[in-house]
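Participant: Work out the full structure: start from the sequences and follow the hints.
Listed here are the chains, written in short residue letters.
There are 2 protein chains.
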Amino acid sequence: MRMIEDHGSFEGRQQVWEHDSRETRTPMRFSVYLPPAAKAGPAPVVWWLSGLTCNEQNFIIKAGAQRYASELGLIIVGPDTSPRGPALDGGEVAGDPDGQGEIGPSAGYYLDATQAPWAPHYRMRSYVEGELPEVVAANFPADMSRQGMCGHSMGGHGALTVSLRNPGRFRATSALAPISAPTKVESGRKRLRAYLGEDEQAWRAYDATCLIEDGGRLPELLVDQGLDDPLMERLRPDLLEAACREHGQSLELRRLAGYGHNYYFVASVIGEHLRWHAERLRP
Amino acid sequence: MRMIEDHGSFEGRQQVWEHDSRETRTPMRFSVYLPPAAKAGPAPVVWWLSGLTCNEQNFIIKAGAQRYASELGLIIVGPDTSPRGPALDGGEVAGDPDGQGEIGPSAGYYLDATQAPWAPHYRMRSYVEGELPEVVAANFPADMSRQGMCGHSMGGHGALTVSLRNPGRFRATSALAPISAPTKVESGRKRLRAYLGEDEQAWRAYDATCLIEDGGRLPELLVDQGLDDPLMERLRPDLLEAACREHGQSLELRRLAGYGHNYYFVASVIGEHLRWHAERLRP
Chain Z
1 MRMIEDHGSF
11 EGRQQVWEHD
21 SRETRTPMRF
31 SVYLPPAAKA
41 GPAPVVWWLS
51 GLTCNEQNFI
61 IKAGAQRYAS
71 ELGLIIVGPD
81 TSPRGPALDG
91 GEVAGDPDGQ
101 GEIGPSAGYY
111 LDATQAPWAP
121 HYRMRSYVEG
131 ELPEVVAANF
141 PADMSRQGMC
151 GHSMGGHGAL
161 TVSLRNPGRF
171 RATSALAPIS
181 APTKVESGRK
191 RLRAYLGEDE
201 QAWRAYDATC
211 LIEDGGRLPE
221 LLVDQGLDDP
231 LMERLRPDLL
241 EAACREHGQS
251 LELRRLAGYG
261 HNYYFVASVI
271 GEHLRWHAER
281 LRP
Chain X
1001 MRMIEDHGSF
1011 EGRQQVWEHD
1021 SRETRTPMRF
1031 SVYLPPAAKA
1041 GPAPVVWWLS
1051 GLTCNEQNFI
1061 IKAGAQRYAS
1071 ELGLIIVGPD
1081 TSPRGPALDG
1091 GEVAGDPDGQ
1101 GEIGPSAGYY
1111 LDATQAPWAP
1121 HYRMRSYVEG
1131 ELPEVVAANF
1141 PADMSRQGMC
1151 GHSMGGHGAL
1161 TVSLRNPGRF
1171 RATSALAPIS
1181 APTKVESGRK
1191 RLRAYLGEDE
1201 QAWRAYDATC
1211 LIEDGGRLPE
1221 LLVDQGLDDP
1231 LMERLRPDLL
1241 EAACREHGQS
1251 LELRRLAGYG
1261 HNYYFVASVI
1271 GEHLRWHAER
1281 LRP
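Going down the list, the sequences are from chains Z and X.
For the first sequence, position 128 (counting from the first letter as 1) is numbered 128 according to this note's numbering, and the numbering increases by one without interruption.
Counting the second sequence from 1 gives a position; this note's numbering is that position plus 1000.
The set of hints was computed from the structure by calculation and includes no laboratory data.
None of these values were measured; they are calculated from a predicted model.
Note that CB positions come from ideal geometry on N, CA and C, so glycine has one too.
Each hint should be verified, as a subset may be incorrect.
Here's a subset of chain X near chain Z, in silico, CB distances under 8 Å, partners left out [as the list claims (entries may be wrong)]:
#1 1062
#2 1064
#3 1066
Facilitator: If you want it as structure tokens, here you go:
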């Protein structure tokens, strides 16, 4: 583990660390916010999964979450969104069919790829579900019995699917403008096909609506969606809402006027999400 | 005036505008945060001046100020830090003697240059003191009888010197890790010489300690300085403190443990600064 950054932030520390991942077989970076309360003993952990085009930096620079995490005594851990490295960077080298950055670096989709050329390194599901929690538990004052899961866009997809596949692990799950039904929209189908192949049954573990259709349940779900979001056709909160209604999954879906898909939206609602998590992460 | 960006942010709008400046003779961009209260009528304005390497983006992306401005009902206007354009970009073209980015684009120093090649465009003093306030007054619901002035690093220098040269214009002036005494440190002297020539008398209008020595007074000054700031030798808050003490200028200088020079520091204290401004900007 190598410390890359360490900044004073709201009486706590905003850090970035790098380690050699056994899952991705690359160096991986992640951010950790340590609130002042973590000096006195273990603090609950909220996981933050970022969206397409992001690395571990966007959230810590743009969301303004440290203020709330400091007040609420939450550790926030934010992994990168894909493996990276000389052999992996760039759509062409990495094999993105359209070279549009929708597959490959920054577009790991929080899945374990089974197809060439992705399979050897693109193991973000195993990294986020298995390896990184071990690293965090071993190296930071984290109370792993109190975890929450949150993310934005592609990371909202990650938050929903990781939680639905691991019932009981997270006491709270919420998402901001998540990709909710990738098997049912073309941009999602393109990615799932590239990473997982033609067998659409294998895609269902990476689609929140499918996981709910297949019996996945969480005690609660909080989802915020800006009504000026230009990507609504790719996100399809309506399909998440329909699946939840049909299958008895509790969902609070808030449609918020005036907000887009960007970090100005994330910053505007992250405080309420973290407060919602903190209420559910009390000892 | 051309609208470049317009985002929902904390129930208000974060905008970026561009206009053709008569002072710099270039297109200039500036950010405007409009709080929800500005829908109902004129709101007070806090000016934000950014530091070296910044443009109008850094503050609106990184500082998390919108939350406070929304709550407090403050408009925040943030100009770019220098003129830009094909003929002006790049240390070499622009004539930065060392090519280190300390003079030229992003390093306008909030002064009116008198020396070649800077004089025709580098008129950030006249832009910030004269032209931009006119533009803001004419185009936004701004109550120009209630203005505050704030900035960081080179922008802290700007905030102090603009305020000290315009007594009575700003009801509140504060600075974060400001360059306080540029005539007395080598990095400052290099810039002042490049922009203003060899006559050191002309430099005094752009040095907060000199302005105070020469009789400039403000009702109050609030300055925050992180104690882990690696640029302390260029900032010299101790010289500001000495000048204020010697000449009877009220100063609250807070030295804050654990904070560096970056936007994690800015984000950690901007809420207190905006609250301090808001108290002084009540109708």
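Participant: What hint numbers does the structure not satisfy?
Facilitator: none
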